[in-house]
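Using the sequences and the hints, build the whole thing.
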Amino acid sequence: MAISRKRSEALQKRIEKTKSDARDRVIKRGIMHFRADEDMMSELLQVAQYKKLPAGSMVRSWVSERLSQEHDYLVTADRPMQDEPVLTASLKTIPEWHNMEEAVLSKAKKLAEELLALAEEQIKLILENMGAGVVVIDASGLIQSVNSGFERLVQQRADRLSGTNIENLIISEISDRSLSVRLRECCNGGIFSAQIRSTNNELVPIELTATAFQIGTAEQIMLCILDASLAHAVL
Amino acid sequence: MATTCDWQNLEKHGVTTDEVDEVLFNDPLDFDLEPSKDGNDRILFIGFTYAGRLLEVGVEYLHEEDEHIFHGMDATKHYRNAFEKRK
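For the protein sequence lines, the chains are H and G, in the order given. For the first sequence, our numbering gives the first residue as 1272, with consecutive numbering after it. For the second sequence, our numbering gives the first residue as 198, with consecutive numbering after it.
Since the hints were made in silico from the structure, they are not lab data. Treat each hint with caution, since some may be false.
Pairwise CB distance ranges, derived in the manner of DEER restraints [unchecked claim]:
1) 1340(H) / 260(G): 44 to 52 Å
2) 1377(H) / 208(G): 47 to 55 Å
3) 1375(H) / 206(G): 54 to 62 Å
Residues of chain H placed beyond 12 Å of chain G at every Cβ, according to the derived structure [as the list claims (entries may be wrong)]:
4) 1315
5) 1337
6) 1493
In silico lysine-lysine, DSS-like type, Cα no more than 30 Å apart, as pairs [unchecked claim]:
7) 1381(H) / 1395(H)
8) 1290(H) / 234(G)
9) 234(G) / 1323(H)
10) 1288(H) / 282(G)
Beta carbons are placed, not taken as given, at the ideal position from N, Cα and C, and that holds for glycine.
Set out below in C-alpha cells:
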C-alpha cells in the first residue's frame, strides 16, 4: 500500500532516470502497439490485402510519411526560434527549384530507405515472435543482439546480455576447445546439444544450430536455440 | 546501471517487459511504497501501455544505481481511481 512521506531529491532523480531509461529502451526496441476498433481493423486489413503488403508494414510507411510532414515541428521543437526560418525555408523551397533531377533522386532515396526499413521491420517481427531463442554473436563470442525468446530462456533482459560472452551462458560438452571455435566449426552443420545457464544458475538443456554470416567485413554467428527440457524429461 | 525483473511475477499477471517500459515512459503516476526488507526505496508506477492497458509496476531501487522490477499487474481499483482523478 502507498505511504505518504517527503521524497528525497536523490530518489526523485532515480525515478526520472527510470522513466528516461524506459524511453530509451522503447525507442531502441522500435515496436509500438495500439488499439483499434473492429471497423478500423477490418478496413486496415482490406487495404493491406489490396496493396499486397503486411498490415504492420503498411501502417509503418503511413506513419513515416506523416512524420516527414511533421518534420518542421520535429526539427524546431528543441531549438531556439531563430533557427526555424532557415530550416523550414530550405525544405520548403525544394519544389520551387524546378530541379527535376534532384527531386527524382531525393524521392528515389526516400523510397529506398522506406523499403529497407520495411524489410528490417519484417525481419524484426519474425525474430521477435518466433518461439525459439535467437542470439547473434561476433567472432569472439560476444553477444550483439538477442530476441525475446532468448531473453525468456535465460531470464535476462537484452540490455544486460549485450556484450556478454556466450561462453558464460552456454555450457558445451566439449571442453578442449572454446565454445566460439566449436560454434564456428559446426556452422551450417546440424544441431548440437548443450546446456544454458539461466539467471538463477539453473541449467536448461538446449539444442542449437549455428549459421555464420558477414556484416561488412565482420564475421557474425546467429544461434537458434530450442529449450530441450521437455524432450529430456520424456527420455 | 542494470534492471532486473521478477519474471515469475510478470508472467503470473501476463505482463511483458515491453509493457513495463511503456508504462514507465508513458507519464505514469508514482506512489511511495514501504521500503523493502533491505531498506531499499520502492515506488509503484501506474500508467497506460500503448495498447491501453492500465498497469501498476513496482520498482525497487537497489544499491549502485541498479533497479529491480518486482511487480507488474493490471491496476487495482484503488489505483485505477487515483489515475482517473488525475485527469
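These are the hints, each one checked on the structure:
Between residue 1340(H) and residue 260(G) the beta carbon distance is about 47 Å. The supplied range of 44 to 52 Å therefore holds. Under the hint 47 to 55 Å, the C-beta atoms of residue 1377(H) and residue 208(G), about 48 Å apart, fit the expected range. Distance hint for residue 1375(H) and residue 206(G): a CB-CB separation of about 56 Å, consistent with the stated range 54 to 62 Å. The Cβ of residue 1315(H) sits about 15 Å from the closest Cβ of chain G, beyond the 12 Å cut-off, so the non-interface label holds.
Every C-beta of chain G lies more than 12 Å from that of residue 1337(H), the closest at about 17 Å, which supports listing it as non-interface. Separation of residue 1493(H) from chain G is adequate, the least Cβ-Cβ distance of about 22 Å exceeding the 12 Å criterion. Note on residue 1381(H) and residue 1395(H): the hinted pairing holds, with a Cα-Cα distance of about 21 Å set against a maximum of 30 Å. At most 30 Å may separate the alpha-carbon atoms for a hinted pair to count; residue 1290(H) and residue 234(G) meet this at roughly 24 Å.
Restraint check for residue 234(G) and residue 1323(H): the C-alpha separation of about 57 Å exceeds 30 Å, so the hint is violated. Under the criterion of a C-alpha separation no larger than 30 Å, the hint pairing residue 1288(H) with residue 282(G) is consistent with the structure, at around 25 Å.
Checked against the numbered hints listed earlier, the structure breaks hint 9 alone; every other hint is satisfied.
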